[in-house]
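Visitor: The chain contents come next:
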Amino acid sequence: MAFPLLTVTAAVPAVGAIATAAVPAGRRTAAKWLALGFSLATLVLAAVDAARFTPGGARYQLTESHAWIADFGVRYELGVDGIAVVLVLLAAVLVPFVMLAGWHDADVLDGHTPNRNWRPTQGFFALILLVEAMVVISFESTDVFLFYIFFEAMLIPMYFLIGGFGDRAGAKGEDEQAKQRSYAAVKFLLYNLVGGLIMLAAVIGLYAVTAHQLGGHGTFSLPQILQARASGQLRLSTTAERWIFLGFFFAFAVKAPLWPLHTWLPNAMGESTAPVAVLLTAVVDKVGTFAMLRYCIQLFPEASKWATPVILVLSVIGIIYGALLAVGQRDIKRLIAYASISHFGFIILGIFAMTSQGQGGATLYMVNHGISTAALLLVAGFLITRRGSRLISDFGGVQKVAPLLAGTFLVGGLATLSLPGLAPFVSEFLVLVGTFSRYPAAGVVATLGIVLAALYVLVLYQRTMTGPVKAGIEGMKDLKARELAVVAPLIALLVFLGVYPKPVTDLINPAVKDTLSDVHRTDPAPQINASLTAAAKETAK
Amino acid sequence: MNPINYLYLSALLFTIGGAGVLIRRNAIIVFMCVELMLNACNLAFVTFARLHGNLDGQIFAFFTMVVAAAEVVVGLAIIVTFFRSRHSASVDDASLMKL
Amino acid sequence: MDHLIGALIGAPLLGAGVLLVGGRRLDRVGHWIGCLLAAASFALGAALFVHMLGRPTGQRTLTSHLFSWVPVGGFRADVAFQLDQLSMTFVLLITGVGTLIHIYSVGYMAHDENRRRFFGYLNLFLAAMLLLVLADNYLLLYVGWEGVGLASYLLIGFWQHKPSAATAAKKAFIVNRVGDMGLSIAIMVLFTTFGTFSFAPVFSHATSASQAKLTVVGLLLLLGACGKSAQVPLQSWLGDAMEGPTPVSALIHAATMVTAGVYLVTRSGAVFNAAPTAQLAVCVVGAVTLMFGAIVGCAKDDIKKALAGSTMSQIGYMMLAAGLGPIGYVFAIMHLVTHGFFKAGLFLGAGSVMHAMNDEVDMRRYGGLRKYMPITYVTFGLGYLAIIGFPGLSGFWSKDKIIEAAFAKGGTEGWILGGVALLGAGITAYYMTRVMVMTFFGEPRWQPAPDPDEVPSVEPGIEVHPGELPHPHESPKSMTIPMVVLAVGSVLAGGLFSINSAFLKWLEPVTGHSEGHSPVSTWEVTAATLVVLAVGAALAWAQYGRAPVPVTAPRGSLLTRAARRDLLQDDFNHVVLVRGGEHLTRSLVYLDHSLVDGAVNGTAASVGGLSARLRQVQNGYVRSYAVSMLGGTAVVVAATLLMRAV
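Protein chains in written order, with our numbering: chain A, 1130 to 1670; chain B, 536 to 634; chain C, 48 to 693.
Since no wrong hints were added, every one of them can be taken at face value.
Each computed DSS-like pair below joins lysine-lysine, with the alpha-carbon atoms no more than 25 Å apart:
no. : chain 1 : residue 1 : chain 2 : residue 2
1   : A       : Lys-1609  : A       : Lys-1529
2   : A       : Lys-1529  : A       : Lys-1606
3   : C       : Lys-418   : C       : Lys-524
4   : C       : Lys-209   : A       : Lys-1606
5   : C       : Lys-209   : A       : Lys-1599
6   : A       : Lys-1609  : A       : Lys-1599
7   : A       : Lys-1529  : C       : Lys-209
8   : A       : Lys-1642  : A       : Lys-1434
9   : A       : Lys-1529  : A       : Lys-1599
Because the hints were derived from the structure by calculation, they are not lab data.
Take the sequences, apply the hints, and build the full model.
Guide: Rendered as structure tokens:
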């Protein structure tokens, strides 16, 4: 039997979570290093996964398959395609930075009670590792039921991270903050649980349909279902396909989030600490968009096409709406949350444009959005921790006292507004081109988003960083070595992927091609194929 | 005598017991009314045993008596404890379960 | 040689990287690193120029393919460069003027604590601008396009502690983004039409595309050009951009970046040639801006803003010429180059004057400076003569050709465009004479320096003694030498270009050229221009030279007041876009909270309310539970009986 690389990649952070949680109360620092070590080990494994993956080879690679709940056809099936392997890598890259940025976030909770088993720091890092493990296995799973379990289960550690380790930089008193925090955490949980519940119904529906049509036991295995459909054994009726599709899509649209199911995100991001907010929006939410691409489109191609117009409209609304609301925010983190909603609109737009540029761009966007949001939000977190407030109006003139902080914040902001040369530009442009080539109107309206993005980012920068130094900012310290160690690699990544995204696109492209062939969609051909004739001339020479 | 009359008596006793449970507030009386209802059932069981000519009903009557005895033990204990803490035997005072 | 094209961009990019990442430890040598790398890029450009001259006319295009950038499906964007005569012209202008301004900045920014960062940004600008003109496809051009926007943003807002500078920087970036949106949609249309957005295949197939598509592309490119080149209706940012340090205004907002729109239109000549409607739109935009900028330039008292109005107007000339098609491309670029010389020189002169006058920018408080600053006076004067088109100087050669070409468009359009261009020349003479006279002639109208606590210094690093009158003095050598070089360029460039139509022959293989059929002869145009010019200059002299200039501006006519406020464009923007936008976002924030979130919270609240009702049943009285049990039993019994009966 081959070495179960994917299982190990997911198991290492899970084991790390248990180990970290078991560290005795007095050994706080040891727990931090232990957790960081495990996350770095996961990163190494994820890199090995990516290196072992052959682009253009079999569709799902590094596969593992074991019977699990045989009576219901549930299998423990893992396998990655190019999209999954890239996203596993993204999660593995971001988690160590999240930990480093949140190095002292749980310290304030320590010593609040005489209970000798009170270990908030251990809990914080263990929960992060647990989320990582669940996210990784959701990306790796090729069994719908297995995916569902972890898709839902990751809500639990996230709930505690948001509710238990929230931001303490609010302006109001401790009680009011605790109330806001628990409101945000419960809202997050309820929204996603409702989505998950509806998805559960759809999962059962899928099982019932497969059981009915394939005879005997149904199956949850993605490769099996795809194969059965390709060979004509499995034919979903139009109505059934649409209902099951909607069930899946609703859950993912809540998670992603798509307008108008977005309202939990600003609360959750506003009330949690910056590292947790990064974990939420840059890692966990990506499972939603990833699942749209993998499950909605691959399992239900006809229904996806049927729903496309509505989804495109919703995502375009999301792009513009998110950006406009970001302009109107007074709270730094809520602003970034609304910016993320706008960006998720781009991702979903790209996925459902059903062109190779759109879907390739959307996948690349998931990666780039993860990195750029992490850069911006983590720097914003440093800023907020220093000032003890997250209201934009409490800042001003930071660049004078902390130029490095202001500079890195600007770079993060420029990445968010998709400045060419930084990674998000490539993906945003791909999404726009991909959308435009099939749905010009949607493409044009979405392009408005780039103007609005410039507006909210630069207004934020202007209000917080420029102008005369405000009261409460004077003594602000510049970035420390630990903080620089978080920001500098992220910025380097942004620049690298902006200039040379080919290593990632090479992984993504074959997977996108497979997905498109599932839907029987090809890219619209240009009216005059100048590139082909030019290539022909080259060869003639 | 026609055994059906016993059933009428049983129904009458059960109704008296039920009404007592619903109307009276003193826990002891409520408790006695419950006993009355149980005994009405016993009477019905025995009557049916006689009517059908087998012993099933009589056996069930014994079960009921045992259960009633057990219930008396537990119920009286609760009432006594309740009376000790509240100095009252009114069932309306035991309304902490409402939200 | 071809591989050196990358190094052309690489040198300043390296400088930017080193200076910005290097941190404070490079403070001492930073500016020299910046100058050195800019000069290296210029030297490289010159070497490539010589190399290019050595090749036959038809084979002067050099290409260099670095790597495949974004390959996804049929979408292929490469990092590849193309250096032809048009790009070469720009490379020499950018690196040449750029190097001079680097040197000037060494002196100008000597007292600024962030001088290293300033040079880092300048180098970044050079790299981005070179990328813009060297790219061989639209997407890479777009990278340079936004790159110069970024550099412009950083440099306008260089003195970030001044709220006005920060606001101006933001405004410039956002207005530019509106234009960029046009450019990016144009790229999308090109991709869907041609399957590529590389220059060569697009241009060679341009004629086979439908005219509607090409018109759309042309108009979208024009939108992009309007943003970057400050053309109406996206011109509002340029005046505010003068908040940046003066060398920035000279390099970016006069000589190079703002001309990128002209480059774009000229580069896309093949597309525009096949889309006459789009061409006409370019002409109209150019003509409108030409007048707009000239009128604004007449009313401004701030020397830099007056020059900014002039820049806008001169770029209007270039746009007008570029819109004329093959008749005008060459002259657009020629005017662009000569304008690069004299306008950069004028701005550097303005900077020198400000340096001498305690950062005063109001020309009403200058006067009589020619005695105190001879070098500045002479160089500025030569620039002045060049811009108004004094016979023999650069502007004369390039601007006259544009006016002539405008007439040569033919028909009513030709007469209108030619007339506007001619009138513009007169207004140019008027406002430039006004600037010249108010600054260097007449009696000194100097005012005591303001208290720096009350009015934050415009340009830092200059000792300001509150209450004292300024002591004008000539600027240091590092500043005067670039001014002298640029003045020489302003005098000679036009003439040199015109010897034997050298410039025309140089560019023709790229842009194409046709003479057109002018209804008026060259001599008539020249004569008319000279007359208009003389009238304009004389009017200005009569108004500002002979009569004393009041220190506080008179109220002025309605037009003057409107022109001082940039012809109310900002007011319009403020009322319609800014206020409207604020209301929109505010109401959306409210709606998001009350409607979208409210719907969800409302559902939650109604579930809560329902359960509150239901829990009333749970009253805790044993009796009521017993009743419900009784009722339940009765219902079950009744139902059973009923079922049996049925």
